[in-house]
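Peer 1: Once you've looked at the hints, dock chains B, C and D against the given chain A.
Protein chains in written order, with full-length UniProt numbering: chain A, 1 to 247; chain B, 1 to 247; chain C, 1 to 247; chain D, 1 to 247.
Keep in mind that the hints are not guaranteed to be accurate.
Given that identical chains are not distinguished, each listed pair holds provided it fits within a single copy or across any two copies.
What the hints assert, rightly or not - In silico lysine to any residue, SDA-like type, Cα no more than 25 Å apart, as pairs:
id, residue 1, residue 2
1, Lys28, Met96
2, Lys131, Ala162
3, Lys48, Asp177
4, Lys131, Val222
5, Lys10, Ala166
6, Lys131, Ala151
7, Lys131, Tyr74
8, Lys83, Phe210
9, Lys48, Asn206
10, Lys4, Tyr163
11, Lys4, Leu132
Keep in mind the hints are simulated off the structure, nothing from the lab. This structure is a prediction, so every number in the text was calculated from the model and none was measured.
4 protein chains.
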Amino acid sequence: MGGKDLEVFKRRIYEILEASHDGDVVSKRYDVLMLTAVIVGLIPLTMKEGNRYSLIIDVITVSIFIFDYIMRFYTSDYKMGIKSYKAYVAYVFTPMAIIDLLSIVPVLTFFFPASVTLQLFRIFRVLRILKLVRYSKTMVVIENVIRKVRAQLFAMLMIACAYIFAIAMIIFQVEPDLFEDFFDALYWATISITTIGYGDIAPATNIGRFITMLSALVGVAVVALPSGMITAAYMDEISRKKSKLEI
Amino acid sequence: MGGKDLEVFKRRIYEILEASHDGDVVSKRYDVLMLTAVIVGLIPLTMKEGNRYSLIIDVITVSIFIFDYIMRFYTSDYKMGIKSYKAYVAYVFTPMAIIDLLSIVPVLTFFFPASVTLQLFRIFRVLRILKLVRYSKTMVVIENVIRKVRAQLFAMLMIACAYIFAIAMIIFQVEPDLFEDFFDALYWATISITTIGYGDIAPATNIGRFITMLSALVGVAVVALPSGMITAAYMDEISRKKSKLEI
Amino acid sequence: MGGKDLEVFKRRIYEILEASHDGDVVSKRYDVLMLTAVIVGLIPLTMKEGNRYSLIIDVITVSIFIFDYIMRFYTSDYKMGIKSYKAYVAYVFTPMAIIDLLSIVPVLTFFFPASVTLQLFRIFRVLRILKLVRYSKTMVVIENVIRKVRAQLFAMLMIACAYIFAIAMIIFQVEPDLFEDFFDALYWATISITTIGYGDIAPATNIGRFITMLSALVGVAVVALPSGMITAAYMDEISRKKSKLEI
Amino acid sequence: MGGKDLEVFKRRIYEILEASHDGDVVSKRYDVLMLTAVIVGLIPLTMKEGNRYSLIIDVITVSIFIFDYIMRFYTSDYKMGIKSYKAYVAYVFTPMAIIDLLSIVPVLTFFFPASVTLQLFRIFRVLRILKLVRYSKTMVVIENVIRKVRAQLFAMLMIACAYIFAIAMIIFQVEPDLFEDFFDALYWATISITTIGYGDIAPATNIGRFITMLSALVGVAVVALPSGMITAAYMDEISRKKSKLEI
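Same shape as in the complex, but just chain A (with noise of 0.2 Å):
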């Protein structure tokens, strides 16, 4: 084989993994092969104790991530645009191929199954689940929402966090039999904020209630902030694409 078939040949496997072309039947297949691994793989998850089935599900879809994962690799060079050996580093570092990397990784507990470190590496397989947005193209819209807003999102996530810490120093200092370490403290405050109240721990004192009820009206104008944001960036995205249908 000489290298202008090979080259031939891994422009043929990236066409196959991209699914640029619509008549492509093969890519197409392959598509369906990857979706259907990405769902069957989740499939032990949702049993509380590994049997014999859970055992194969997991070694043959983990077989095809893993050969998913190498022929990507291989065609570094043709998704970067760069004819060089910084394709591969690039590529290695894009968020794509961190979560491929990362729901591959939980193989590991096969071979080393007392470690507990790794046993929650096993949560990491739910990352899968973010491979299908690669296949879908209706999520490109709700996407572009998130970019957009994604700093000031980050900036409310922050704010958020400050709230919280705050409210949670404040009702630990206040009532402090209420929660055994600080920790619980935070729980209670975020369980509050986001107005979930299981009632698991709820405010006894006076005191206590009246910061309770303080923070929970402040709340809402902190949550409501984050939607009003993204509202807005929805409604900018809409302006945009009737604009551009005018011009």
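Peer 2: Just chains B, C and D, lined up with the frame of chain A:
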């Protein structure tokens, strides 16, 4: 009765059913009869055990609905605007005709009371409430708004469901003792993300609480997205009406 | 006192009541008196059992409200702008006059303390809070916004109520043991759809939980609808004000 | 040191405090020091009982805050832009100076540990979090949005408070056995209207549940109002920025 007379008779039935003429007294009375049948027919659903009265109500209202369904089926060609047997087939598969049929089906429980599957059909009677939309004119604007964002709302519902599945899987791996099966984890995740938070299932370990906190904070944004979309669609609907008035 | 003098006297009372003149000191003091009476008159409602002081407060504040009602009734012709006995009849049926009357009615519990029906009238006193709107100028914008979406908010409330009834009927058929009567199911549905979720009633069977999940996910959109409508009306109000300034 | 030298020295301190020069290394380091002091100074608030380390942290961070307050007070004339003793008085009453002072006050608990009133002052330390706003530039947009709707948000908060008081009064009259005192009823109403719903207090009688249902349905609209206002203000801010760019 000649073919022409029959056609005139059929046309009259269609007019009565559709209430297209504002001054049509018979059509108006038919609407009132149907509205009464819908509301009265729901009364047995608010009782724990069927008694003599609820049986009488069921027999009368279902008879009315069967008559209504037959009449609507009979005038399908007027409704669909095509003079062929295809009109009848097409009509049966319109959303309203399916609702009409499903709200009659529970009548079969009269004849096969032992069947458990049919017992579940009883809740289809609630679909009769959707019939009220047909007789209300104020709901047209709201129906337009929903139709407009239908595709996006569906995408949002998919994201919300994927998010709930992901959270449920993670918590199920982290705190397996909290749940009997995976369905319980799904129930907990849904009740938490929608911020209802009954508190019948609440995380007890620190890692479980940490994941709950993270998913709640992100969940607020997930819930804000459909809210923003509906607002955007609603404002678009208003501004369109205005620009029509100006032109 | 001649008819003309009486007319001047009546006009003066009307001016004091309506506070139309900014420099009118008497009118301002009357407003302060009424505001104080409203707020002080609510104090007995924050006590479990009526004592000597709450009785005194009740007697004084209700006397003031009766005097106020008579004076407002007396100057109905100025208020309504028509010089005829019709003005008096029309005034009695204005929303504000009805609120005024209902907030006096509970006084009858002084004379017939045994009557249970009148006992319930006591909560009508809370309507006095609505009187505060009359003396506040910042609430005009918010009142305009609400008036604008009144018809649509009412339609939304109808949809929300129909939705709550439908969910209550389904859950009542599916999990009859959870509820004492249908009202309990309605209460549960309302507390769930508004995402309060006290947890005093929570579904226990799988089918009940499944229906709760479905109705919660759809309920988020039902709650988002009025929110979007109010936002749209609010922005319309702002843009209208701006375009006025520009012209 | 002459008067001129002192003036140059004072000006230099002001520059370091305000961080107006981007290339000023000393000013930047001072900011980092203050940020560290704020965050480290909050650590003792996350502990149940003060130990040796929390005492050391308190002494060091409060010393830094006192030094910072004196320096800011000393350069008041530069800050306020007026060369007179009035600048010092005016500075003390700016919101930021009040926050600075209140976050130092808890230090008095060192000297009078028995005083219960001063114990409560400890929670003022949490106000130091607000100091972080001074060092963040991304919060300017959000601060602008809040400033814009300040008057309306305040009006909304008033309406929400009046609504909560009204609901609390009604439920307190209808179900007096559910609450120990009126404050409990207020707490229940706030937790319900904000849709937190811990479930520690939930209505048990039919009339109490009916009032809860009514107030919850109306409360959704009351909560939707501030949300809509913030969205409107946010979109206005965005469109203003755009029109600036276009001109």
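Peer 1: Hints first: check each against the structure and report whether it holds.
Peer 2: Now the hints, each set against the structure:
In this homomeric assembly, Lys28 and Met96 come within 25 Å of each other (Cα to Cα) only inside a single copy, at 20 Å, whereas the closest approach across copies is 36 Å. In the homo-oligomer, the alpha carbons of Lys131 and Ala162 lie at most 25 Å apart only across protomers (11 Å), although the nearest pairing inside one protomer, at 32 Å, exceeds that limit. With identical chains, the CA atoms of Lys48 and Asp177 are at most 25 Å apart between copies only, with a shortest distance of 9 Å across copies and 35 Å within one. Taking the closest pair of Cα atoms, Lys131 and Val222 come within 25 Å of each other only across two copies (18 Å); inside a single copy the shortest separation is 32 Å, beyond that limit.
In the homo-oligomer, the alpha carbons of Lys10 and Ala166 never lie at most 25 Å apart, since the shortest distance is 55 Å inside one protomer and 34 Å across protomers. Proximity of Lys131 to Ala151 under the C-alpha cut-off of 25 Å is found in both arrangements, the shortest distances being 23 Å within a copy and 21 Å between copies. Taking the closest pair of Cα atoms, Lys131 and Tyr74 come within 25 Å of each other only inside a single copy of the chain (19 Å); across copies the shortest separation is 50 Å, beyond that limit. For the identical chains of this complex, Lys83 and Phe210 are neighbours neither inside a copy (64 Å) nor across copies (44 Å), given an alpha-carbon limit of 25 Å.
Proximity of Lys48 and Asn206 under a CA criterion of 25 Å is satisfied inter-copy only: 18 Å between copies versus 43 Å inside one chain copy. In this assembly of identical chains, Lys4 and Tyr163 lie within 25 Å of each other by CA distance neither inside one copy nor across copies; the values are 60 Å within and 45 Å between. Taking the shortest alpha-carbon separations for Lys4 and Leu132, neither the intra-copy value of 34 Å nor the inter-copy value of 60 Å comes in at or below 25 Å.
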